[in-house]
Amino acid sequence: MKHALSLFLLSISLFNPTVRATEVLDTKIIETYVDATYDEGDSAILRTQFFSKPDNQNLEFDLISKINDVEISVHRINDFEIFSTLEDLAIGSYTWAVQVVLQDKRLATDLKISLTNFANRISEIDTELLDATDPEEIADLEAERAELVELSSTVQDQLTKIRTPFLNPITKTFIVE
Amino acid sequence: MIRLGLFFFFFAFSQYALGSTLSSSRVEPSSLEELSESKLLTFFKNKEILKQGDELILFSQTTFLPTHNEFYLESTLDGVKVDMMQSSESLWLSKFSAFSEVKEHLYSVNIFAMNKKEKNRTENALKQLKKELRLLKKALLVETDPARIEALEKEKAQKEAYRDSLEEALENLKVFVKTESFSFSVEQNTENGNFPYLTAISPGVGLNIGGGVLTLSGFNFLPNSIVKIGGVNASVLSESASSIQVISPTFATLGVKEVEVSYPVEQKNTVLKNSFTVTDQGILKNLRPVANAQTYVTAIHPVTNPVALDASTSYDENNPNELDYVWTVITAPNNSGVVPGSTLPNQPNPSVMPGKKGTYVFELRVRESSTSEHLESLPINIILEVTK
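Here the protein sequences line up with chains A and B, keeping their order. The opening residue of the first sequence carries number 1 in our numbering; numbering runs sequentially from there. The opening residue of the second sequence carries number 1 in our numbering; numbering runs sequentially from there.
A portion of the hints provided could be inaccurate.
Straight-line alpha carbon distances no greater than 27 Å define the calculated BS3-like cross-link-like pairs of lysine-lysine that follow [stated by the list, open to error]:
1. B:K45 x B:K268
2. B:K95 x A:K105
3. A:K112 x B:K47
4. B:K39 x A:K112
5. B:K119 x A:K112
Keep in mind the hints are simulated off the structure, nothing from the lab. Quick caveat: nothing in here was measured; it's all calculated off a predicted structure.
Start from the sequences, fold in the hints, and give me the full structure.
Structure follows, in structure tokens:
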């Protein structure tokens, strides 16, 4: 019943721009999970669970996840489960901030795949540069690398553009001792 | 090394040949017809507004193709072939380093369908082959034994021939579906000093038989300006960085024209749209300017800040932006600090400081400042009501 209500409110908010995201805050859309304390050197799993998804099948929720204001990568299992991992934790206090965003599913996937492909090719070029001795080949590889870095930045900007912040950011803190 | 290379060569070839035999599935004509009737691409660019000097990345996203086929795209910009990079299965990019000219561009994409498996197999074989050719090239650079060099050269020639045949096979896999286009305009960059910027032409009206001297004003004009008014070349009399004088050409048509100053060598231009009106000799006459203002203004007493009057929409069709504003106070409350019969500054938005409640009436006439006739508009009254 609770999920049905949240889906109902969510669908209203998606198709009626006058309904603000904060109006559906009371209904539970996501939950974040992280332990309160970790030991130095531990790994932390930062898990986010969605309880609903947009009615419009062309849209999806995604997350921008930050630790102490630095964005970290997220891994999407399906429409309801997203996680990040932090390895070899150092002593200190950490703030995990999660921003839910709404985005065009297909376009976001294409842009993210593009970013991965660019990163893979950059990594390949770095390996090729280690073996390369011909100055012409080195120059070509470096030019290609620079172009891919620039394209990655543009594609990342495009990804940011198509994302609409949905709920207020959720923050949790944890300590590593 | 050579043996390993040969192994990959024959492995790649056998895989490719086997695949070609097993999979003869091409794009079905019926599905082609359906595809050609659908909208297949969504275009978007990395900048909403594109100005001279900006870099542009154009994205083309293909629609979902629920078959064993996938799309292959080739693009042209204004009819010239441009590179496209496939960044994911359905996303393609074209990058343009900078546009210098203010103009409309047409980006056209030729859409082909290809059998996905055959394409992937051919591309993988090509990738492997190109890698092996790079290794062979390196080996040839350091090899000194003539017999080995001969063997390597032979292997290289074989692989190059095979590479060419694979590239041809890849080309043959493409089945043309349709062309979709996207147009975008490059706008004037007024902030970057690298680009010429035309701001005005005076007078703004001329005869279709031509002959008058026109003055173009602006910034960053270069030597050897080419001036076109409504697409017709105008002879340049003199030019400096901020001004160009031309002789008005003969026009075949009447109406409002755009003015363009261009520099083909530098591939730069500047365009002022709807800035010059061509009229015929019979109807050309200097028209009276028109006074136009917000005619009823209110303020609350006590007034703490000056109240601005607004006549900025006044105009003169013959001489845009060349008006004098004659403001006269007609009536005002006694001891209000605003004196009947006095004038306000010659500007479209003068301010007054009404010191008392009541009604203030101002008269406005606008007058041509640059013509010899100094034609004046009919007067209009502006009422300022100061209430409690």
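Does the alpha-carbon distance linking K45 (chain B) and K268 (chain B) stay inside the 27 Å limit? holds (22 Å)
K95 (chain B) paired with K105 (chain A) [C-alpha distance capped at 27 Å]: holds (24 Å)
K112 (chain A) and K47 (chain B): Cα distance at most 27 Å? Cα-Cα ~19 Å, so holds.
Given the hint that K119 (chain B) pairs with K112 (chain A), does the C-alpha gap stay at or below 27 Å? Holds: K119 (chain B) and K112 (chain A) sit about 23 Å apart, inside 27 Å.
Are the Cα atoms of K39 (chain B) and K112 (chain A) separated by 27 Å or less? holds (24 Å)
When each numbered hint is compared with the structure, no violation occurs for any of them.
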